[in-house]
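Okay, here's what each chain looks like letter by letter:
2 protein chains.
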Amino acid sequence: MNLLLLYPEDFITATRARVTGRRLDEVNRIGSRELRVGVLDGRTGTAAVVAPGELEVTLDSDPPPPLPLTLVLALPRPKVLNRTIAAATSMGIKNIFLLNAWRVEKSYWKSPKLLHIRDQAVLGLEQARDTVMPRIELRRFFRKFVEDELPAIALGSLPLVAHPGAPSECPRNVQEAVTLAIGPEGGFIAEEIASFERIGFRPVHLGPRILRVETAVAALVGRLF
Amino acid sequence: MNLLLLYPEDFITATRARVTGRRLDEVNRIGSRELRVGVLDGRTGTAAVVAPGELEVTLDSDPPPPLPLTLVLALPRPKVLNRTIAAATSMGIKNIFLLNAWRVEKSYWKSPKLLHIRDQAVLGLEQARDTVMPRIELRRFFRKFVEDELPAIALGSLPLVAHPGAPSECPRNVQEAVTLAIGPEGGFIAEEIASFERIGFRPVHLGPRILRVETAVAALVGRLF
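So the protein lines, in turn, are chains A and B.
The opening residue of the first sequence carries number 37 in our numbering; numbering runs sequentially from there.
The opening residue of the second sequence carries number 37 in our numbering; numbering runs sequentially from there.
Just so you know, not all the hints are guaranteed correct.
One copy or two, either will do: identical chains are not told apart, so a pair holds if it fits within one copy or between any two.
As the list claims (entries may be wrong) - List time: in silico DSBU-like cross-link candidates among lysine-lysine, alpha-carbon distance up to 35 Å:
id, residue 1, residue 2
1, Lys149, Lys115
2, Lys180, Lys149
3, Lys142, Lys115
4, Lys130, Lys146
5, Lys180, Lys142
6, Lys115, Lys130
7, Lys180, Lys130
8, Lys146, Lys180
9, Lys115, Lys180
10, Lys146, Lys115
It is worth saying that the hints were derived from the structure and are not from the lab.
Please take these sequences and the hints and turn them into a complete structure.
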């Protein structure tokens, strides 16, 4: 981990924090060296180990800026979900909606991995030395979400839906916020693409290759921003 | 898998192939539907199941074009290596050098995962409906490789080394081939960056966030091409 994430409840004084579990293991592994730390949804800085598991913390920097991207992602299969959440969070995405779609298998919604999304986001924050937890929400009803909720979410942003075979390619280096929808394995069906188009989303492609969702998210972010 | 990769030795006649093992499982899973297939380093097309594990093959398309990128990658930790090779291959990278560096742990070179690199490349090809196996080579001696071999490899391409904190940012949408070096966790050390610079490589950054190598590769590819 590139940053040890502290929670307000870890602090026993204004500048002293106590960690246990996985984070204590990490502190012990690093030994007496200075640690990079950050406080959840707050500032980052360094810490010195002053007693076993006890850190004297100096916060002097802001976390890296967020990415102006809202991600609407058809719920991936469970083993892909974890990696995708961690990767998306590491890139600074702060708003993620996990959406049902025709080609999302119903069993994915019952995966116990859905309960551990937040842990994956923490791994992404630690990777990127960020502290600001993304908002990750589940939406089981495609049409209701796209028709009733998504127009307001996408308001004021460039609305794109990644769709292999779309006539136009994904724009580059945009200077505005983006709302980006990415389909399941096999893609959104034609009716779903039509739903996105009706609320102003433009279908765009990323070339002739079919990429895994976590690879596609990273390639799209690299291209857009 | 989005494409079933066939090998010349699978063919029992000019158009008929027989598969076993993992690929037979996939054929059985798909049932009687038409399969997308490709021949290693050859064309792609479709196949119909004509007997258990036996396919009648029609090849009518070329694989997607390769990416004009040579990747020089400090050997990642074993569990990251697999994902990175599969992702890089899915994006169309055809030349990968896995390189030693100061911050590459020696134990990584003894990982049994190194023996399965080719399997990971096959997964990447199947994902992206490609057939052209990348050339993946191991280089245990950083200095010897960079000084004696890399200048010829990078000749005629834009030579870049990803380096967090570099003064210039990674260029976008380049119209030429690129040779891109990416360091280990913690980055290349200053002496290694100096070695790259001496042979003309320009250090470039990808923003303030530290990304996992497979995320960084995808984001850099999305940005460069």
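Evaluate Lys115 and Lys180 at a C-alpha cut-off of 35 Å and name the case that applies: within, between, both or neither.
-> Within one copy, since 27 Å is at most 35 Å while 40 Å is not.
Status of Lys149 relative to Lys180 across identical chains (alpha carbons, at most 35 Å) = Classified as within: same-chain Cα gap 24 Å, cross-chain 45 Å, threshold 35 Å.
Is the C-alpha distance from Lys180 to Lys130 at most 35 Å within one copy, between copies, in both cases, or in neither?
-> within (22 Å within a copy, 44 Å between copies)
With identical chains treated as interchangeable, where does the CA-CA distance between Lys130 and Lys146 reach 35 Å or less: within a copy, between copies, both, or neither?
-> Only inside one copy: Lys130 and Lys146 sit 24 Å apart there, 39 Å across copies, limit 35 Å.
Classify it for me, Lys146 with Lys115: is the Cα-Cα distance of at most 35 Å met within a copy, between copies, both or neither?
-> For Lys146 and Lys115, the Cα distance is within 35 Å both inside one copy (13 Å) and across copies (27 Å).
What label fits Lys180 with Lys142 when the C-alpha limit is 35 Å: within, between, both, or neither?
-> For Lys180 and Lys142, the Cα distance is within 35 Å only inside one copy (17 Å; across copies 54 Å).
When no copy is named, should Lys115 and Lys130 be tagged within, between, both, or neither for a Cα gap of at most 35 Å?
-> Result: close both inside a copy and across copies, 21 Å intra and 27 Å inter.
With 35 Å as the alpha-carbon cut-off, assign the pair Lys142 and Lys115 to within, between, both or neither.
-> both (15 Å within a copy, 29 Å between copies)
Quick one: Lys149 to Lys115, C-alpha cut-off 35 Å, is that within a copy, between copies, both, or neither?
-> both (8 Å within a copy, 20 Å between copies)
Taking 35 Å as the upper bound on the Cα-Cα distance, should Lys146 and Lys180 be classified as within, between, both, or neither?
-> within (20 Å within a copy, 53 Å between copies)
Of the hints listed earlier, there is not a single one the structure fails to meet.
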